[in-house]
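Q: Protein sequences appear in the order of chains A and B.
Residues 87 to 460, numbered by the numbering used here, are exactly what the first sequence covers, in order.
Residues 87 to 460, numbered by the numbering used here, are exactly what the second sequence covers, in order.
Calculated from the structure, these hints are not laboratory results.
Glycine residues also receive a C-beta, built at the ideal position from the N, C-alpha and C atoms.
Which residues of chain B face chain A? A partial, calculated answer using Cβ under 7 Å:
{"hint": "1", "residue": "Q111"}
{"hint": "2", "residue": "E130"}
{"hint": "3", "residue": "T131"}
{"hint": "4", "residue": "V133"}
{"hint": "5", "residue": "F155"}
This is what each chain is made of:
Number of protein chains: 2
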Amino acid sequence: MQENDRDLLPEGLGDRLPQQAWASQAVRRAAHDVLASHGYTRVETPVLEFEKALASRMAGVQVRRMFRFMDPVSLRTLALRSDITAQVARIAATGLAQAPRPLRLSYSGQVVTVKGDGLDPARERLQLGAELIGTDSIDAVAEIVELAIETLRAAGATGVSVDFTLPDLVDTLSAEALPLPAANIEAVRRMLDSKDAGGLVDAGGETYLPLLYAVGPFDAAIERLAAFDVDGVLASRIAGLRAIAARVSDKARLTLDPSERHGFEYQSWLGFTIYADGIPGSMGRGGTYAILGGAGLDPEPATGFSLYPDRLIDVLVSGSSEERKLFLPLGHDREVAARQRAIGWITVAALSEGDDAVALGCSHRLESGEALEI
Amino acid sequence: MQENDRDLLPEGLGDRLPQQAWASQAVRRAAHDVLASHGYTRVETPVLEFEKALASRMAGVQVRRMFRFMDPVSLRTLALRSDITAQVARIAATGLAQAPRPLRLSYSGQVVTVKGDGLDPARERLQLGAELIGTDSIDAVAEIVELAIETLRAAGATGVSVDFTLPDLVDTLSAEALPLPAANIEAVRRMLDSKDAGGLVDAGGETYLPLLYAVGPFDAAIERLAAFDVDGVLASRIAGLRAIAARVSDKARLTLDPSERHGFEYQSWLGFTIYADGIPGSMGRGGTYAILGGAGLDPEPATGFSLYPDRLIDVLVSGSSEERKLFLPLGHDREVAARQRAIGWITVAALSEGDDAVALGCSHRLESGEALEI
Numbered sequence: 087m088q089e090n091d092r093d094l095l096p097e098g099l100g101d102r103l104p105q106q107a108w109a110s111q112a113v114r115r116a117a118h119d120v121l122a123s124h125g126y127t128r129v130e131t132p133v134l135e136f137e138k139a140l141a142s143r144m145a146g147v148q149v150r151r152m153f154r155f156m157d158p159v160s161l162r163t164l165a166l167r168s169d170i171t172a173q174v175a176r177i178a179a180t181g182l183a184q185a186p187r188p189l190r191l192s193y194s195g196q197v198v199t200v201k202g203d204g205l206d207p208a209r210e211r212l213q214l215g216a217e218l219i220g221t222d223s224i225d226a227v228a229e230i231v232e233l234a235i236e237t238l239r240a241a242g243a244t245g246v247s248v249d250f251t252l253p254d255l256v257d258t259l260s261a262e263a264l265p266l267p268a269a270n271i272e273a274v275r276r277m278l279d280s281k282d283a284g285g286l287v288d289a290g291g292e293t294y295l296p297l298l299y300a301v302g303p304f305d306a307a308i309e310r311l312a313a314f315d316v317d318g319v320l321a322s323r324i325a326g327l328r329a330i331a332a333r334v335s336d337k338a339r340l341t342l343d344p345s346e347r348h349g350f351e352y353q354s355w356l357g358f359t360i361y362a363d364g365i366p367g368s369m370g371r372g373g374t375y376a377i378l379g380g381a382g383l384d385p386e387p388a389t390g391f392s393l394y395p396d397r398l399i400d401v402l403v404s405g406s407s408e409e410r411k412l413f414l415p416l417g418h419d420r421e422v423a424a425r426q427r428a429i430g431w432i433t434v435a436a437l438s439e440g441d442d443a444v445a446l447g448c449s450h451r452l453e454s455g456e457a458l459e460i
Numbered sequence: 087m088q089e090n091d092r093d094l095l096p097e098g099l100g101d102r103l104p105q106q107a108w109a110s111q112a113v114r115r116a117a118h119d120v121l122a123s124h125g126y127t128r129v130e131t132p133v134l135e136f137e138k139a140l141a142s143r144m145a146g147v148q149v150r151r152m153f154r155f156m157d158p159v160s161l162r163t164l165a166l167r168s169d170i171t172a173q174v175a176r177i178a179a180t181g182l183a184q185a186p187r188p189l190r191l192s193y194s195g196q197v198v199t200v201k202g203d204g205l206d207p208a209r210e211r212l213q214l215g216a217e218l219i220g221t222d223s224i225d226a227v228a229e230i231v232e233l234a235i236e237t238l239r240a241a242g243a244t245g246v247s248v249d250f251t252l253p254d255l256v257d258t259l260s261a262e263a264l265p266l267p268a269a270n271i272e273a274v275r276r277m278l279d280s281k282d283a284g285g286l287v288d289a290g291g292e293t294y295l296p297l298l299y300a301v302g303p304f305d306a307a308i309e310r311l312a313a314f315d316v317d318g319v320l321a322s323r324i325a326g327l328r329a330i331a332a333r334v335s336d337k338a339r340l341t342l343d344p345s346e347r348h349g350f351e352y353q354s355w356l357g358f359t360i361y362a363d364g365i366p367g368s369m370g371r372g373g374t375y376a377i378l379g380g381a382g383l384d385p386e387p388a389t390g391f392s393l394y395p396d397r398l399i400d401v402l403v404s405g406s407s408e409e410r411k412l413f414l415p416l417g418h419d420r421e422v423a424a425r426q427r428a429i430g431w432i433t434v435a436a437l438s439e440g441d442d443a444v445a446l447g448c449s450h451r452l453e454s455g456e457a458l459e460i
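With the rest of the complex left out, here is chain A (with noise of 0.2 Å):
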């Protein structure tokens, strides 16, 4: 085996360096600093588990996305996470189904797909969010939304930008107000989603084209939302977007989108993706979802978001100031740099003669107790 081949990792997967890891260390802190402030207290979920169970509590996992493979102790078959709202949907339907709702709870960890998403080629990324389980009100989007933006900012995050969007918008439109043939609604939703007003009249929806305009910054693009709305089918929709954007309008930038489809696959009425100045492509999205109940047992509204904050730490890492070391000399004494570390100090013993203060990074020496500048 050649030396480079034995240390490749696989595409899409890479170590963080000091640096990175010390950016990542303080986002997921300040993070979770944040969730906790508002209630929201932490679950932490296996790697792997069945692939069944991953996909059973909500509508539109995609289990192809997952790295799967046969456990030897029970024959099944167990899939590495790829998101970890569903394993939080998964303990609210079971340990956590009599605790008292709303239910506030939090996360972060690693998740994995077998392939990267479009143009970003990362096969794990760090998912970190918060699952408001037992409403999917307006309150309880405002709720999200407002702490999304919170803990983006918190994490280190400047800019930052909230897409709203309604994932049941065609479904909700074509029940009632403008009816399609069931074939060609798959067709009305694509060229929506890909703004490509000739396809949506060839596909039969050119009733759905003033949609194609009601996007853009979100107060003009609600007006025209409205305005095309004559029937009001979507008039509890349109209120509760203006109810959601007025709590926030001051946190962040808001734009509508609302037949915009990726990244939806189980939101129910409300969906939103956040994004932050000089972080290519979203921070994360977010929005409102159904946990499937068991036998007989209605399904359970849920509100939340995730974030994936790992370009975000890459933009941190360039920032991040240098730190006070202090270096020990052979022989320090023992108390006074425990004295030191109490006190807010980072220290770096020396271990033989040959330890070079400065080539290990260190601004400060430790000489007859006190600690010099070098």
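Given chain A, put chain B in place with the hints provided.
A: Same frame as chain A, but now just chain B:
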């Protein structure tokens, strides 16, 4: 599929519900703060990589204990990590090959094995540790043992004890002072390991019998080991053990079991196992080892430790105190709520008339801008 079936977790895999997850976060934060204060900077590694890379940098890594499966992208075999130390060794030999030595790195993350270990059915564990790369000297071991004890105490463990071993003891003795037929070496190792005096004699290892009595509390056992070592082939190891013990004897109970091998697949001259009061089994282990170099390059000496805090976390849960949570009634002043969080309150906002402060675990209620006890 049955209700219970689809939510069943595979044997040896489980969730952490809020109290446990809170303890887990507290343990990781406290541990990393101690490691960082001693100049150990964090690295993060992928949860899976090429099977060959995971086994290439250290002798004795057992790929048979790992989940392995084909990568559809590279068409090569991937494995779930079962030991982060091997990944840190890879980083030290590649991405951080040019970093000044001694190089101090720390890490934590989930590791997975195909089967549980002996009496412990867990197949996923939290591994947390530190590696000191570039040296396996007595001072290096002393720093690592002391740091392992301090980390474990900061994580909440009490009554820490450390059991030292000499992983290459039989190799060293049989090479010089007490020669053994090559065919008998493995049997002698095994009989020493199982403390089987009769079997040891049968294996031709009667000259090794005194080792079975150089076991127990450190001060007495090291004297017996020294008395046994009439030719002085163990003299430097014994002196090293004494120096290391002197450094930590006021921080932990110390014992010696010079021929213990379990869990020391890749350690060189020194290994140790660490225990805490009230925690079944060991909390972790450490010692000296070698990082294999590339073609024509010498192995690099290293020293480190790994802790597996899951059982400690289970114990800490029962001891954790109640949180002070502030209920925010419907229509509360959001500015006031934000100020309460800023001074340390956990807030829980009402989302509907039905939300009950007491059921939601709140100890206080926001009224007229003040937190009143319920």
